[in-house]
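All chains should be modelled from the sequences, with the hints used to inform the complete structure.
This is what each chain is made of:
2 protein chains.
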Amino acid sequence: MSMEVTVKEIAVTARTAGQQMARIPTAQKDGALIAIADRLQKKAEDIFFANRIDLKQARSNGLSAPMIDRLTVTDATIDSMANGLREVAALGDPVGAVTDSWRRPNGLEVSRVRIPLGVIGIIYESRPNVTVDAAGLCLKAGNAVILRGGSEAIHSNRVLADLIATSLAASGLPEKAVQIVPITDRAAINLLLEQERFIDLIIPRGGEGLIRFVVEHSKIPVLKHYKGVCHVYVDRGADLSMAAEICLNAKVQRPGVCNAMETLLVHQNEAESFLPEMGQRFKDAGVTIKGCAKTRKLISWASEAKDADWPAEYLDLILAVRVVGDMDQAMEHIAAHGSNHTEVIVTRDYARARRFVREVDASAVMVNASTRFNDGGQLGLGAEIGISTTKLHAYGPMGLNELTATKFVVFGEGQVRTA
Amino acid sequence: MSMEVTVKEIAVTARTAGQQMARIPTAQKDGALIAIADRLQKKAEDIFFANRIDLKQARSNGLSAPMIDRLTVTDATIDSMANGLREVAALGDPVGAVTDSWRRPNGLEVSRVRIPLGVIGIIYESRPNVTVDAAGLCLKAGNAVILRGGSEAIHSNRVLADLIATSLAASGLPEKAVQIVPITDRAAINLLLEQERFIDLIIPRGGEGLIRFVVEHSKIPVLKHYKGVCHVYVDRGADLSMAAEICLNAKVQRPGVCNAMETLLVHQNEAESFLPEMGQRFKDAGVTIKGCAKTRKLISWASEAKDADWPAEYLDLILAVRVVGDMDQAMEHIAAHGSNHTEVIVTRDYARARRFVREVDASAVMVNASTRFNDGGQLGLGAEIGISTTKLHAYGPMGLNELTATKFVVFGEGQVRTA
Numbered sequence: 025m026s027m028e029v030t031v032k033e034i035a036v037t038a039r040t041a042g043q044q045m046a047r048i049p050t051a052q053k054d055g056a057l058i059a060i061a062d063r064l065q066k067k068a069e070d071i072f073f074a075n076r077i078d079l080k081q082a083r084s085n086g087l088s089a090p091m092i093d094r095l096t097v098t099d100a101t102i103d104s105m106a107n108g109l110r111e112v113a114a115l116g117d118p119v120g121a122v123t124d125s126w127r128r129p130n131g132l133e134v135s136r137v138r139i140p141l142g143v144i145g146i147i148y149e150s151r152p153n154v155t156v157d158a159a160g161l162c163l164k165a166g167n168a169v170i171l172r173g174g175s176e177a178i179h180s181n182r183v184l185a186d187l188i189a190t191s192l193a194a195s196g197l198p199e200k201a202v203q204i205v206p207i208t209d210r211a212a213i214n215l216l217l218e219q220e221r222f223i224d225l226i227i228p229r230g231g232e233g234l235i236r237f238v239v240e241h242s243k244i245p246v247l248k249h250y251k252g253v254c255h256v257y258v259d260r261g262a263d264l265s266m267a268a269e270i271c272l273n274a275k276v277q278r279p280g281v282c283n284a285m286e287t288l289l290v291h292q293n294e295a296e297s298f299l300p301e302m303g304q305r306f307k308d309a310g311v312t313i314k315g316c317a318k319t320r321k322l323i324s325w326a327s328e329a330k331d332a333d334w335p336a337e338y339l340d341l342i343l344a345v346r347v348v349g350d351m352d353q354a355m356e357h358i359a360a361h362g363s364n365h366t367e368v369i370v371t372r373d374y375a376r377a378r379r380f381v382r383e384v385d386a387s388a389v390m391v392n393a394s395t396r397f398n399d400g401g402q403l404g405l406g407a408e409i410g411i412s413t414t415k416l417h418a419y420g421p422m423g424l425n426e427l428t429a430t431k432f433v434v435f436g437e438g439q440v441r442t443a
Numbered sequence: 025m026s027m028e029v030t031v032k033e034i035a036v037t038a039r040t041a042g043q044q045m046a047r048i049p050t051a052q053k054d055g056a057l058i059a060i061a062d063r064l065q066k067k068a069e070d071i072f073f074a075n076r077i078d079l080k081q082a083r084s085n086g087l088s089a090p091m092i093d094r095l096t097v098t099d100a101t102i103d104s105m106a107n108g109l110r111e112v113a114a115l116g117d118p119v120g121a122v123t124d125s126w127r128r129p130n131g132l133e134v135s136r137v138r139i140p141l142g143v144i145g146i147i148y149e150s151r152p153n154v155t156v157d158a159a160g161l162c163l164k165a166g167n168a169v170i171l172r173g174g175s176e177a178i179h180s181n182r183v184l185a186d187l188i189a190t191s192l193a194a195s196g197l198p199e200k201a202v203q204i205v206p207i208t209d210r211a212a213i214n215l216l217l218e219q220e221r222f223i224d225l226i227i228p229r230g231g232e233g234l235i236r237f238v239v240e241h242s243k244i245p246v247l248k249h250y251k252g253v254c255h256v257y258v259d260r261g262a263d264l265s266m267a268a269e270i271c272l273n274a275k276v277q278r279p280g281v282c283n284a285m286e287t288l289l290v291h292q293n294e295a296e297s298f299l300p301e302m303g304q305r306f307k308d309a310g311v312t313i314k315g316c317a318k319t320r321k322l323i324s325w326a327s328e329a330k331d332a333d334w335p336a337e338y339l340d341l342i343l344a345v346r347v348v349g350d351m352d353q354a355m356e357h358i359a360a361h362g363s364n365h366t367e368v369i370v371t372r373d374y375a376r377a378r379r380f381v382r383e384v385d386a387s388a389v390m391v392n393a394s395t396r397f398n399d400g401g402q403l404g405l406g407a408e409i410g411i412s413t414t415k416l417h418a419y420g421p422m423g424l425n426e427l428t429a430t431k432f433v434v435f436g437e438g439q440v441r442t443a
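Sequences listed follow chains Z and H, in order. For this note's numbering, add 24 to where a residue sits in the first sequence, where the first one is 1. For this note's numbering, add 24 to where a residue sits in the second sequence, where the first one is 1.
A couple of the hints might just be wrong.
[Stated by the list, open to error] Pairs of lysine-lysine residues, derived as DSSO-like cross-links and limited to a Cα-Cα distance of at most 27 Å, are as follows:
#1 H:K66 <-> H:K80
#2 Z:K80 <-> Z:K66
#3 Z:K251 <-> H:K431
#4 Z:K243 <-> H:K243
#5 H:K251 <-> Z:K32
#6 Z:K321 <-> Z:K307
#7 H:K32 <-> Z:K243
#8 Z:K330 <-> Z:K318
#9 H:K431 <-> Z:K431
#10 H:K307 <-> H:K251
#11 Z:K80 <-> Z:K67
#12 H:K330 <-> H:K307
#13 H:K330 <-> H:K251
#14 Z:K251 <-> H:K32
#15 Z:K307 <-> Z:K251
#16 H:K243 <-> H:K32
#17 Z:K243 <-> H:K251
#18 H:K251 <-> Z:K431
#19 Z:K32 <-> H:K243
#20 Z:K318 <-> Z:K307
#21 H:K318 <-> H:K307
#22 H:K243 <-> Z:K251
#23 Z:K243 <-> Z:K32
#24 H:K80 <-> H:K67
#25 H:K318 <-> H:K330
#26 H:K307 <-> H:K321
None of these hints come from the bench; they were simulated from the model. Nothing here was measured: the structure is a model prediction, and the numbers come from that model.
Structure follows, in structure tokens:
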């Protein structure tokens with residue numbers, strides 16, 4: 025079969041599977057998720073076998089150590105995938121939930137009811153666990169899913185997809201509800217992105233390059249975030265020991281993720297009390313600092329922040345630090361260099377807390393908490409399939425609800441329209 | 025200025041105006057809407073003058089009578105635009121509404137708060153009233169809007185846009201929050217659809233050709249509906265006099281709109297009692313019927329329905345009629361030929377009503393009510409900017425809420441993340 029035919033067939037069968045999925049009762053969906061979890065653990069050796077082929081190939085292709093680390097499936101990876109599925113099974117079913125309802129003057133009862141989106145395409149890079157995590161969330165929300173992982177994980181992903189399909193069939197769910205694109209050629213992505221009749225949503229997960237490629241070529245709506253340039257602003261009069269704990273957590277607890285702090289903004293009145301000690305704590309934690317002129321007076325070992333540092337997403341133990349004149353300047357800085365991801369103010373001031381929350385444009389705006397909380401699990405959504413930094417359909421972490429739409433349901437007793 | 029520069033400048037200034045609009049208090053937005061309404065009525069002569077230029081041009085270009093009718097601005101049109109604005113001013117402000125909130129085990133208070141989408145582009149055909157109606161809704165929801173009406177209405181739209189801009193400035197709102205694209209060349213649409221950095225959403229309003237053109241060329245997300253092929257299914261055991269009132273209303277009350285019935289499906293057990301009399305009522309109302317073989321036995325004057333009739337959107341006093349074996353067949357027909365717009369069952373049966381509502385995929389599914397109720401005003405949304413028949417972001421009538429997004433707001437007292 026040609027690549028075109030293969031991709032089209034995947035999309036067409038996914039559409040049919042999605043229509044079937046929309047009608048599967050909750051208990052049956054949950055049963056299937058648990059069946060997949062059990063099978064993953066039972067068939068761990070099959071997964072390791074395939075993963076070793078990918079790893080061998082990766083090494084001979086000279087992939088970097090972090091890439092190989094992300095690609096490696098261990099016992100812990102499998103337990104984590106299986107437990108993730110069991111947790112999703114335990115979440116409430118979004119499908120059928122009535123999100124709002126009211127009665128019209130003519131007696132019509134109107135409600136909005138959650139329904140699955142349909143078919144979701146996920147395009148991602150080397151972590152094979154995304155195959156299982158994304159499949160679980162999409163299935164729970166009643167969708168079919170098409171997965172296109174990185175070519176370096178193709179053997180691992182094929183085995184995972186086979187295990188999932190077997191479990192789906194055994195649970196009475198449509199086997200085609202979870203499919204991978206078994207083609208490593210990047211042209212397969214282009215073909216997938218043209219199936220707008222059969223795929224309702226594309227979610228790319230990976231680096232900025234992958235995401236820009238997907239957005240550029242997709243005829244299907246894309247939910248994405250390019251990068252997380254998150255700020256903490258330490259306000260005049262802030263509790264500086266609270267600020268220090270928040271800043272340390274936001275930068276060093278897990279520096280390689282999108283909700284880590286990349287730039288610290290400090291009110292000029294607090295800079296002298298705050299920055300020298302904070303700088304030392306960052307230094308002890310292995311953080312390199314790039315500072316404005318005022319920062320460098322207070323943290324002598326900091327290097328100079330260049331223009332390119334303010335919009336930078338380091339994803340590393342590097343931090344840009346700027347002393348600002350007031351909150352307005354902090355908000356201007358955030359508007360100019362932020363990425364609409366996560367913005368934090370540490371403050372004791374009621375009016376400024378209110379204004380910051382109201383005026384800063386980000387998927388999550390927080391007062392006196394670490395940027396690291398912008399995460400579906402941490403915010404209480406149960407699980408997430410990614411974070412959107414554009415506003416249409418979803419803004420911020422996307423949980424099960426964000427994998428659904430709502431339809432209007434209207435109950436009448438013969439009403440007709442007169443005007 | 026070149027066309028590229030003009031369109032880009034419109035988009036860039038709209039982005040800035042949108043950021044300003046997001047912070048305008050409710051009372052000030054409402055005041056501006058009322059100021060626009062007042063000015064439209066005060067300056068009616070200016071509008072008529074410009075409209076006469078468009079009408080003269082339209083006649084010399086040989087536009088059809090319905091097109092000229094849609095283009096014509098009368099006293100009644102102006103009053104209707106002005107009153108529409110006053111009604112939108114009276115609606116609640118969606119911006120700032122907390123749609124959900126909860127507390128996490130660590131004490132974080134999480135909420136989701138409505139914010140404007142940003143910049144909305146509306147691309148539409150000849151009705152100049154869309155200029156005012158769309159501007160009113162977008163402004164109320166805190167957005168900036170770029171309007172690109174049909175070339176045949178350019179003089180009317182220019183005057184309307186000028187009147188709006190003057191009122192905005194007088195009310196302290198950013199003048200650039202409402203702009204028209206003053207270029208009649210269709211290439212200007214292409215340029216507009218490429219401004220994905222500055223425009224967040226495109227809503228096309230018009231015929232299927234316009235909408236396909238916009239979807240094909242847009243780099244910006246598009247909310248659209250191609251057509252409304254709405255069905256009424258008269259179930260076994262239905263109240264046939266209720267069914268007759270609903271069918272007559274759905275077909276003839278306003279046949280040229282998207283929520284009018286295009287196909288009637290009748291259960292075979294009811295066909296003999298229902299169709300002959302119903303056919304006569306349709307005939308009296310001037311409706312032409314295209315029927316299946318069974319229908320034509322019961323309505324002798326009906327012509328034959330061809331394959332092309334089942335997915336047809338007549339927008340006219342024409343109706344396709346099919347006798348079906350049971351509800352499954354009706355639902356299969358709807359799935360095959362429907363347009364995900366509005367689907368109605370007339371029934372007395374509890375289980376079938378429940379199943380129809382659950383399984384039929386349409387933006388509005390109704391029991392015992394006319395298809396004509398799928399409309400923002402009728403469903404109680406206050407006003408609408410269009411109906412979406414795709415599921416992402418909005419499905420069904422789009423009111424003020426659908427012109428917003430939500431952001432997460434998190435209040436803490438120093439929480440940091442430990443895992």
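Verification of the supplied hints:
1. H:K66 <-> H:K80: holds, 24 Å
2. Z:K80 <-> Z:K66: With Cα atoms ~24 Å apart, K80 (chain Z) and K66 (chain Z) stay inside 27 Å; holds.
3. Z:K251 <-> H:K431: holds, 17 Å
4. Z:K243 <-> H:K243: holds, 9 Å
5. H:K251 <-> Z:K32: holds, 25 Å
6. Z:K321 <-> Z:K307: Status holds; Cα separation ~16 Å.
7. H:K32 <-> Z:K243: Since the Cα atoms of K32 (chain H) and K243 (chain Z) sit roughly 23 Å apart, the hinted pair holds (cutoff 27 Å).
8. Z:K330 <-> Z:K318: Within the cut-off at roughly 14 Å; holds.
9. H:K431 <-> Z:K431: Cα-Cα ~22 Å, so holds.
10. H:K307 <-> H:K251: holds, 25 Å
11. Z:K80 <-> Z:K67: Holds. K80 (chain Z) to K67 (chain Z) sits at ~21 Å (cutoff 27 Å).
12. H:K330 <-> H:K307: holds, 20 Å
13. H:K330 <-> H:K251: Since the Cα atoms of K330 (chain H) and K251 (chain H) sit roughly 19 Å apart, the hinted pair holds (cutoff 27 Å).
14. Z:K251 <-> H:K32: holds, 25 Å
15. Z:K307 <-> Z:K251: It holds: about 25 Å lies between the C-alpha atoms, which stays within 27 Å.
16. H:K243 <-> H:K32: Given pair K243 (chain H), K32 (chain H) holds - Cα atoms ~14 Å apart, limit 27 Å.
17. Z:K243 <-> H:K251: holds, 20 Å
18. H:K251 <-> Z:K431: Holds, at about 17 Å.
19. Z:K32 <-> H:K243: holds, 23 Å
20. Z:K318 <-> Z:K307: Answer holds: K318 (chain Z) to K307 (chain Z) is near 18 Å, not above 27 Å.
21. H:K318 <-> H:K307: This hinted pair holds, its Cα atoms lying about 18 Å apart.
22. H:K243 <-> Z:K251: Since the Cα atoms of K243 (chain H) and K251 (chain Z) sit roughly 20 Å apart, the hinted pair holds (cutoff 27 Å).
23. Z:K243 <-> Z:K32: At roughly 14 Å apart (the allowed maximum being 27 Å), K32 (chain Z) and K243 (chain Z) satisfy the hint.
24. H:K80 <-> H:K67: Given pair K80 (chain H), K67 (chain H) holds - Cα atoms ~21 Å apart, limit 27 Å.
25. H:K318 <-> H:K330: Holds: K318 (chain H) and K330 (chain H) sit about 14 Å apart, inside 27 Å.
26. H:K307 <-> H:K321: holds, 16 Å
The structure shown violates none of the earlier numbered hints.
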